[in-house]
Structure formats: structure tokens, C-alpha cells
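J.: Chain residues, written in single-letter form:
Protein chains: 2
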Amino acid sequence: MVSERSLDVLRVIVQDYVASREPVGSKSIVERHAFGVSAATIRNDMALLEEEELITAPHTSSGRIPTDKGYRVFVDQLADLRPLSSAQRQAIETFLGHATDLDEVLVRTVRLLSQLTHQVALVQYPSLGRAHVRHVELVPLSATRLMIVLITDTARVEQRHIDVHGELDAEFLGEVRARLNTALSGLGLADAAGALNAFVSEFHPSRREFVTDIVESVREQVAANRSDKLVMAGAANLALTADDFGGSIFPVLEAIEQQVTLLKLFGEMEPDHHGLSTSIGSENASFGLAEASVLASGYTSSGGEFARLGVLGPTRMDYPNHMAAVRAVARYLSRLLGED
Amino acid sequence: MVSERSLDVLRVIVQDYVASREPVGSKSIVERHAFGVSAATIRNDMALLEEEELITAPHTSSGRIPTDKGYRVFVDQLADLRPLSSAQRQAIETFLGHATDLDEVLVRTVRLLSQLTHQVALVQYPSLGRAHVRHVELVPLSATRLMIVLITDTARVEQRHIDVHGELDAEFLGEVRARLNTALSGLGLADAAGALNAFVSEFHPSRREFVTDIVESVREQVAANRSDKLVMAGAANLALTADDFGGSIFPVLEAIEQQVTLLKLFGEMEPDHHGLSTSIGSENASFGLAEASVLASGYTSSGGEFARLGVLGPTRMDYPNHMAAVRAVARYLSRLLGED
DNA sequence: ATTGGCAGTCCGGAGAGTTGAGTGCCAGCG
DNA sequence: CGCTGGCACTCAACTCTCCGGACTGCCAAT
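Keeping their order, the protein sequence lines are chains A and B.
If you count by the numbering used here, then the first sequence holds residues 1 to 340, one letter each, in order.
If you count by the numbering used here, then the second sequence holds residues 1 to 340, one letter each, in order.
No lab work stands behind these hints: they were computed from the structure.
In this text, a Cβ means the ideal position worked out from N, Cα and C, and glycines have one as well.
The reader is advised that the hints may include incorrect statements.
Said to hold, decoys possible - A partial selection of chain A residues facing chain B, derived with a Cβ cut-off under 7 Å:
(1) R134
(2) H161
(3) R179
(4) N181
Modelling step: build the complete structure from the supplied sequences, incorporating the hints.
T.: Right, here's the structure in full:
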């Protein structure tokens, strides 16, 4: 059984170690914190914590550092999210205040978050969710090449290029465009996919191959989910905390660049009662990020679309502050995107 | 005066140093290369090269390494671009073979280039150049918010959001959309800007404020130049060559993330007779990249649009191979985008 | 349960000695 | 005049040792 005071000791070990980067000894604990007991007593508590594998000693007779399990207990039980400073709150306001479109909002958000935390910040694009088709445009690029643009009412534009069978005929293309818009305009994306099924048969059989090419591309765009895309900022911060990553930040940089790894990780994270998700150190081992932690929060945009944002950094990071920053930014972003 | 053989010595010093990461001594030169002279003679040549500041000794009595000036001479006079291996050529074909749209072509290109060179690869978006307006779409997002989408015939889609003065009126919006398309469709971007000037006055004065909002946004999009955007890949490679960057890759990562620095650098680079531009080490000092080199080549897309692509890496990089790779990829990309 | 004391452990830095790669110079040779 | 072999010299890097300091673990006393 771990006593109340032992957990207090764990808390200060995490705090001091995060702040100083150095193993924490019993003596420095009694010096810097008013525990009202002697160093020997602290040592007894530390022995308990070590037995529970919450802390460990890098070498015999040196201070202790938290284990991943220790960080986990700290985050779950001991960390009070510190409210942001007023300067930070103001930074959020001014940074996200005037934005022109979704792309820019997300870019600004991710920069803001990386500046607040000095870590790598990540924002996932919201899924298309309950968007409705607003307009479909067909643009011939050459004799056999066609660009198809799908515009929805939730400020998204999807584009795709295809090679069509046969020559492009401007007049007929105009007809297809008009009919396509009539058929799809205003439909939710799910309904649009259904409407496309019946669409091809409206045309003369000799034209069907051509129309099918187009419909298939539109169908893909309707089904495409932009939430498989991330915006990222603050990679340079990794260079500053390089020694926390076992020497090489290569795997981390690679994971960031691949995106797919992080998207999977985002997808598997379960939010706690604060709406925050945390994944610490070895919990990320299967993603090749055993020395990193990820803090994430969901956010919503108009239409109830849901996506995630968060920060990634070394296991030894300032959890209370960063969790507060992630939560605050997520809330602000939800408000900004919701009030459209 | 620097003799012929001295330059040969410089060449092998650069080659060996790049390959081994270690200062090159006179003895290892005669061992590994058939110079037909003794080590003492090589030493005399090295003394000459040192006088010309083409090589330097990290400490008294250790091998020599090239100076930035030495690399410059090597690149300008001594490097033969090695043709790519057939495997590499094939990689280009298969990698860029089937691409759906411009965004994806550029993403694939930059990944390809980073894999070929194991450096950071960069591709600049082509400027809008001689594109023509294809379609303008106005999409109401809320009572006072409007999305404006500009589609050109060169496979670009620009979007922007604005807050309009007053309430959105669907019918009137339709009228503006129709008239805008009539006025602009088919015009070159330069002409479109002119046509917009006369556009507002066609409307009833009470509507002008509203129309002006829209026109101003369209004007911005017409004027917007996408060539101020970069695609990037291979940042993880920096971690592998970290010690070539004086310990910290922070400034390099930051420059990559800021983009603007690199765009300025790209803009100032002058191509040599091969169409390749090189900027070596201290030549980049004003960009905070004094320990990095950039190799770039221009490429063109349909309509004669011009942009750059290249790689960024440590000063001590494999110039002949990387220059060949950059040139090959640039040529292939030009062909791919030109034949649309 | 807590404490002071004490012996033991181990890291890390300082200093000294050694090695080895490599240079600079010089006198001699073709 | 260029090239060569030889030789003395330099200096980084490595190893070894030593010592101080920061801790811990344990124990007997409170």
C-alpha cells in the first residue's frame, strides 16, 4: 500500500525532475519542500515508491526519476491543471482572432499551441461529417483530362483529376455538370453517394462509360475523409529536447512526417473525465514512440464534426501546464468553429 | 597559383572527407588513390591549398578538411555529375507515374527527392502564371459569412472566406455569381484584375458595398501567388546528420518550418550553366544556415510557369550525386507537368 | 513511525601518461 | 626545379587513476 505522503513525494519528484532534468534525492526534497519530516523518512517513502515501480534509480546511489508508470499516476491522480496565465489567454485571443478560412485557422492554432508548450503541436482536420454538397464543377484540363471540384457548405473544397475515356465534349460536359448539380446540390454527403448510384442510368448507353468515370471520382471525393490529415508545427522544438529522446530524434521526426502513425495513435486514445487524453512513454511503444508522450483533446466544429488536437513531446514534460494549454486551445477552437 | 595536381588533391580530399566524415591526411591519400607521388609531395600540394584557403586543419597536425571555399571550387570545377543508376531512374518513373492532381504530384516529388538523397527535399509551388479563370463560386457559410472559390484552367483551386456587410440574400448572390462568371470566365489572371475594376459600378449603389467585399476578395485571389508555398519532406534525415550542424539542428528545423527564409534563399540563387543552383555553407549565413548547403533547380509547368525544387543538407554532402538527382527530378517533373 | 548516524556505492571530473596520426621542414637526389 | 625520405614535433584522443560529492540502505535509538 502506498501512503498519502508517498504520493506527495512522487508528486514533487516528478515536478522537480521535470524542472531540473536531474535525478531527485531525498535531501533536496526536504530542502525544497516543507514536508516536516526528515530525509530518512523520505527515503523510506521512496523505497516504497520504488517497490511499486513508480520511480527508479539510474544507478545505485543517485537520486530517483519517475518511471512511465510513475508519470501515469502523476497525471491521473496528482496533477492539477493549472489555469493559463492571462498573458497566455490573451495570446490565444489575438492569435486566433482574425482568420480567413479553415486552413488558416488550423495553421494558426497549431502554431499557437506549439508556442504555448514549446513542443510539437498537432491538429487533425475535422471530418466531413454532416456537410452538404454545395456545388460540383468540372474543368477540362486537356483533351482527355478533367478536374473535378467538389464544394461543400462547410468550407471545404476537394479536387481531383482524372483521365476520361474518349474525347471531352464541351457541350456534353456542360450537360453533365448541370445534371450533376441538380442531382446532388444540397444533399448530405451520405445521401449524395446514394444519389450517384441512380445517376449514370439517366444517360444514353453510349455515354455511360464517360459519365461513369466522372461519377466514380465524385463518389471518391464524397467518401474521402479529410480527417486523415494533420497540420503540424514546432518540430524545431524537438531539437531542443533531443537528449530526452535517447539520443536520436530520428524516429520521432519520422513519425511526425508519416502522419499515419500519429493518426492511428490519436484514434486509439481514450479521453479521461476532463476530455483530455494522455499517452505516456512506453504506452506508445507500438508506434515507435517509446520515449514520447502525447496529450490530446477533441474539438468540434459546426455540424458536430469531431477531430483531435494535441502536443507531442518527451516523456519528461510539464504535464499540468501542457494539459491546460491543450484543453484551452481545444475549447477556444471549438467555439471559433462552432459559431460560424 | 594552384597546380593541376593540387586540384586533384582537393577533389579527393572532398570525396574522402564526405565519405568518411574524418579529416584526410596525406598518407591516406597516397594509399587510396594512385597519384604516383609520395606523401611528402602531397603535403606540399596541401600546403598550397591551405594557403589558398581551400582546405583547413581542424587542429595543428591532423588531416585536412575542405573549407566552404574549397567546396565551392569543387562544385564549380571538379564535380562530374554522375548519371543516376538505372534503379534510381526507375524509382522516379514508378514514384511519379500515376498522380491525380498537382498537390499529389508535388508531394510525391518531394518524397522521392528526399529518398534519393537522404536529405531534406523542397519543392516550391508553381506560380499562377498564365492561368485563366475558369469559374468563380460563391458559397454562403452563414448569414454573414461567404466562401469564395476561384478555379483556374491550370488545375488550381483558391479559396477564401470573408465576412460581408449586411445579410446574405440568396437570390442576389446568384445574380452576382452569374455576372462574375460572365465577366471573368476565360480571362487571364492579369486581365481579370482589370475587369474587376469596372465590375462594381454595374450594380445599384445600395448594393455596392456588398459587391465590393466580394470583388476585393476575388481580386486578392487573382493576385495571390502560390509560389510562396513550399512542400517539404525528409526532415527526419536531419537527425541523422545532426553532428554536421554544429551540434544543434534547431535553426535548420526552424528555417524549414518558417518557409519564408527558404523561399527568399531560393529566390536569390542564380543557376549555373547546367541550370543548377548551389549555395554552400557560409554563403547562406545571412539566412541562419551557415552550416547547410542548398542545391536547387528550376522546373516549369504548363503555361511556362516557373518554380524551384531542391535539397537542403549539411555542407558536407555528396554534391555530385545530389546535384544529379535534383537535376533529374526537375527534368522529369517539368516533363510531367508540361504534357498535361 | 520517525530519526540521526554511518558505512558503502557509484558517477563524474581532474590530472598524468601514452599512443598514434599527421604535419612541417630540410637536405639530398634525379 | 620538383620530388623524396627522414626526422622532430604537435596535438587530440584514449586510458588509468584518484578523489570529492551526492546518495542510498540499514540500524539502533527515540
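J.: It remains to establish, for every hint, whether it holds in the given structure.
T.: Evaluation of the provided hints:
no. : hint : in the structure
1   : R134 : 5 Å, holds
2   : H161 : 4 Å, holds
3   : R179 : 17 Å, violated
4   : N181 : 11 Å, violated
Violated hints, listed in ascending order, are 3, 4; each of the other numbered hints is respected by the structure.
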